[in-house]
Amino acid sequence: MPLLLTEEQSMLRDSARGLISDHAPVAHLRKLRDTRDATGFSRELWATFAEMGFAGLLVPEEHGGSGLGAVEAGVVMEEIGRTLMPSPFFATAVLSVSALTRAGSAAQKSEVLPKIASGALLAALALDEGAKHRPLHTALQAVRSGNGFKLSGAKAMVVDGHVADLLIVAARSAGAPGERDGLTLFLVDPKAKGVAIERTIMVDAHNAARVTLDNVEVTADHVLGDVDGGAGVLSGVLDLGRGAVASEMVGLSEEVFGRTVAYLKERKQFGKAIGEFQALQHRAAHLYIEIEITRAAVLKALQTLDADPAGATAAVAVAKARAGATATRAVQEGVQMHGGMGMTDQFDIGFFMKRARLCEELLGDANFHAAQLAQMRGY
Amino acid sequence: MADLDTFRRETRAWLEANCPPEMRQPMTSEEDTFWGGRNAKFSSEPQRIWFERMRDKGWTVPHWPREYGGGGLDGEEAKIVRQEMAAIGARAPITSFGISMLGPALLKYGTDEQKREHLPKITAGLIRWCQGYSEPNAGSDLASLQTRAESNGDDYIINGQKIWTSYANYADWIFCLVRTDPTAKKHDGISFILFDMTSKGVTTKPILLISGRSPFCETFFDNVRVPKANVLGTVNRGWDVAKYLLQHERAMISGMGERGGSRPLGQVAADSVGSDGQGRLDDALLRAEIATFDVDEAALAAAAERMVDLAKAGQGHPAFSSAMKYYGTELNKRRHELLMSSGGIDALEWESERSHEGARPRAWLRTKANSIEGGTSEVMLGIVAKRILDLPGA
Ligand SMILES: Cc1cc2nc3c(=O)[nH]c(=O)nc-3n(C[C@H](O)[C@H](O)[C@H](O)COP(=O)(O)OP(=O)(O)OC[C@H]3O[C@@H](n4cnc5c(N)ncnc54)[C@H](O)[C@@H]3O)c2cc1C
Ligand SMILES: Cc1cc2nc3c(=O)[nH]c(=O)nc-3n(C[C@H](O)[C@H](O)[C@H](O)COP(=O)(O)OP(=O)(O)OC[C@H]3O[C@@H](n4cnc5c(N)ncnc54)[C@H](O)[C@@H]3O)c2cc1C
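The listed protein sequences derive, respectively, from chains X and B. For the first sequence, the numbering used here gives the first residue as 1, with consecutive numbering after it. For the second sequence, the numbering used here gives the first residue as 1, with consecutive numbering after it.
Okay, chain X solo, but in the shape it has when bound (with noise of 0.2 Å):
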């Protein structure tokens, strides 16, 4: 298969674009940002993304989604990274629906999937607990209750999990936090008793949440895929989460990078403009090739997960690795070649840099990426 997108994804990331770059750009982060808006997002926005079939993308045809896969995924969070657009596309339609659809039952899936493709409900995933990314380390206790489990414990990170309507709750149903079995992924109702939801303001501006378990009840019906398997759920999940996350690193350092040369011809010093300076073309046409480079790997890894799921891992480490250190490197030199003006906030370039180490603690950064990368490779 050509390492390009298809004319049905291109046509798909010109009316994503189109959408997100006329009701969604930086400006409206900064709104949401500087008016504290509770919700974070806009609901209004998201009912549009529901009705253009976004919000349902992965979700199976069956169930009242497109049934379209990990490209597709990529593609509209890659215009997402573009305006750091707030919106629950990544938690709800790519995380939980992940979930759903590979672990959840026929009574599940047709509770949740059509609500979700029609953008009535949002859901969470609640998996780190720690300030690293460490999915085996989940300590959450699910203990055995009756016919169903009591969870205990508490998570660090949950992104929007502040307005989710339904939590997927990584539990340590037996075994010790860092083994890989024993892990068992519950369907939370995030205002059952015991569940305490603090929104956490970020960095980033963008949704996030602790969220604390006290011996929360669940049945039995509430157990997403098998009792102690979850971690084989997880990684098909997190691997799709990691290509999305990489795909918004990569529009997000596109566009810093857009924002940047655009400045390099503009500003003018010494008589001229600042572009004309080799020490800055140099490390302009660096930063585009591994830009370039970024991008051919993180389409290869969606183009894997779509193709062969479960030989994506070491394609999807290295499109995650690369995309963090990639953008980092893109808001590092953007911020540097504005000068004076990259350090205002009145200027966008400092939203792309907040939300870029964000995204790379997100599901794992660079360093969590390399290393499963050598470990797989046997060094």
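One should not assume that every hint holds.
[Stated by the list, open to error] Once the Cα atoms are required to be at most 25 Å apart in a straight line, the calculated BS3-like pairs of lysine-lysine come out as: (1) Lys-368(B) / Lys-205(B); (2) Lys-185(B) / Lys-368(B); (3) Lys-243(B) / Lys-185(B); (4) Lys-354(X) / Lys-31(X); (5) Lys-265(X) / Lys-386(B); (6) Lys-268(X) / Lys-386(B); (7) Lys-200(B) / Lys-185(B); (8) Lys-386(B) / Lys-312(B); (9) Lys-386(B) / Lys-272(X).
Source of the hints: derived by calculation from the structure; they are not laboratory data.
Position chain B with the ligands relative to chain X; hints supplied.
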């Protein structure tokens, strides 16, 4: 799609049946490369068999037309051949400037007669070519070259000097840049001309490299007589041909680090450095550097694949091979720094059978030229800044 699946199966089976096991091992010395030419020598029987089978199938250049000895494959099919060869670690049957550099220029700019004359000898490995671009005072600033070609009836008389001419002392023919109009602006008076290295007045003098090998020469032209019919493309428009060829040369150099099925670098490192109880390389910082390298290498492979696909779809940027050349060569240098660092003392032995006559340090030193030959890294960045980013004054 079904056709391509069939093609892949057939290709895999054919390679399985025809590629000798010895030709699936990573190359360890210069003898492992077969260059072709009038004085061609095979270093082993498997090398001969492999070359001849690939030649007979048209697969020394799978995507060239059959009438010139190519395989007549389309882009997708040629990609499958590359992938299947890489999957078993098959060596290139021949390494040839005729294939990677001159051929594409001949296909684009050659007359029918020129194509019929030269291409079949390239695919069959009968003629070995060298590249006469650089001069002592024309390196990065190639267009300032001074080698003159003066009109004399149906011929040109060529005088001047080239330098860094790779394997000029082994080559049968040269593709050469000469100044045919000394009064025109520097890019406008250059022609691209082909001639036999046995022509009267051609002499070569090898230059020793820091690797202790001598893969290139100073090349002198003293009243060399060459028919005007040997000009490729239009007289005085040789710069167009030269640049087109450089795109292909740069794409080729960017892939020089590709290693097919060889062992992961981290495992090679473990041979000397050792591993801890959990199977991790027993040097955390080296492991991290190698892992980061592996990430970048895998990403570059994807980018190389995408570059070919973009070009096929007519969406490629002609200057993109400069981007790839820059990144690929810098990466290959990194790879060899890591190999040296991994090997420690073992990687420093210069002579001995044990060290394959210093294969590792010599290869390491050789890679330092990757970011110089075919246009330096700085020049590549300049090209990207100017032609792709459109930065002012670049
Ligand atoms: C937090 C902060 C506090 C400050 N405090 C003060 C203060 O108290 N008083 C005061 O007077 N100023 C202050 N400054 C201003 C500071 O000195 C300028 O921002 C700085 O000199 C750069 O100028 P500029 O912002 O116009 O960037 P520009 O000069 O426009 O530079 C933009 C980019 O072009 C690059 N560039 C410019 N020329 C060249 C060249 N010839 N070759 C290669 N690259 C080049 C720069 O390195 C930079 O990356 C402050 C700035 C900041 C961010
Ligand atoms: C192993 C090897 C094989 C080769 N084979 C061939 C061959 O077969 N045929 C052939 O014709 N040539 C060949 N070359 C020559 C090669 O193309 C030249 O060495 C190359 O183009 C650089 O020219 P130079 O050596 O004169 O360096 P220079 O141009 O003198 O460059 C010196 C340094 O200055 C930098 N520099 C130059 N201009 C700029 C600029 N504008 N901005 C910033 N930095 C700049 C360069 O990047 C470099 O770091 C080969 C070279 C090597 C090393």
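Taking the hints in turn, this is what the structure says about them:
Among the hinted pairs, Lys-368(B) with Lys-205(B) is consistent with the structure: their alpha-carbon atoms are about 22 Å apart, no more than 25 Å. Restraint check for Lys-185(B) and Lys-368(B): the C-alpha separation of about 33 Å exceeds 25 Å, so the hint is violated. Distance check on the hinted pair: Lys-243(B) and Lys-185(B) sit about 17 Å apart at the alpha-carbon level, within 25 Å; holds. The straight-line distance between the Cα atoms of Lys-354(X) and Lys-31(X) is roughly 16 Å, inside the 25 Å bound, and the hint therefore holds.
Only pairs whose Cα atoms come within 25 Å are accepted, and Lys-265(X) paired with Lys-386(B) is accepted, the gap being roughly 12 Å. For the hint linking Lys-268(X) to Lys-386(B), the alpha-carbon distance of about 18 Å falls within 25 Å, and the restraint holds. Taking the CA atoms of Lys-200(B) and Lys-185(B), the gap is about 30 Å. The hint is violated against a cut of 25 Å. Between the alpha carbons of Lys-386(B) and Lys-312(B) the distance comes to roughly 24 Å, so the proposed pair stays at or under 25 Å and holds.
A threshold of 25 Å between alpha carbons decides the hint, and for Lys-386(B) with Lys-272(X) the separation of about 16 Å falls inside it, so the pair holds.
In this structure, the earlier hints numbered 2, 7 are contradicted, and the remaining ones agree with it.
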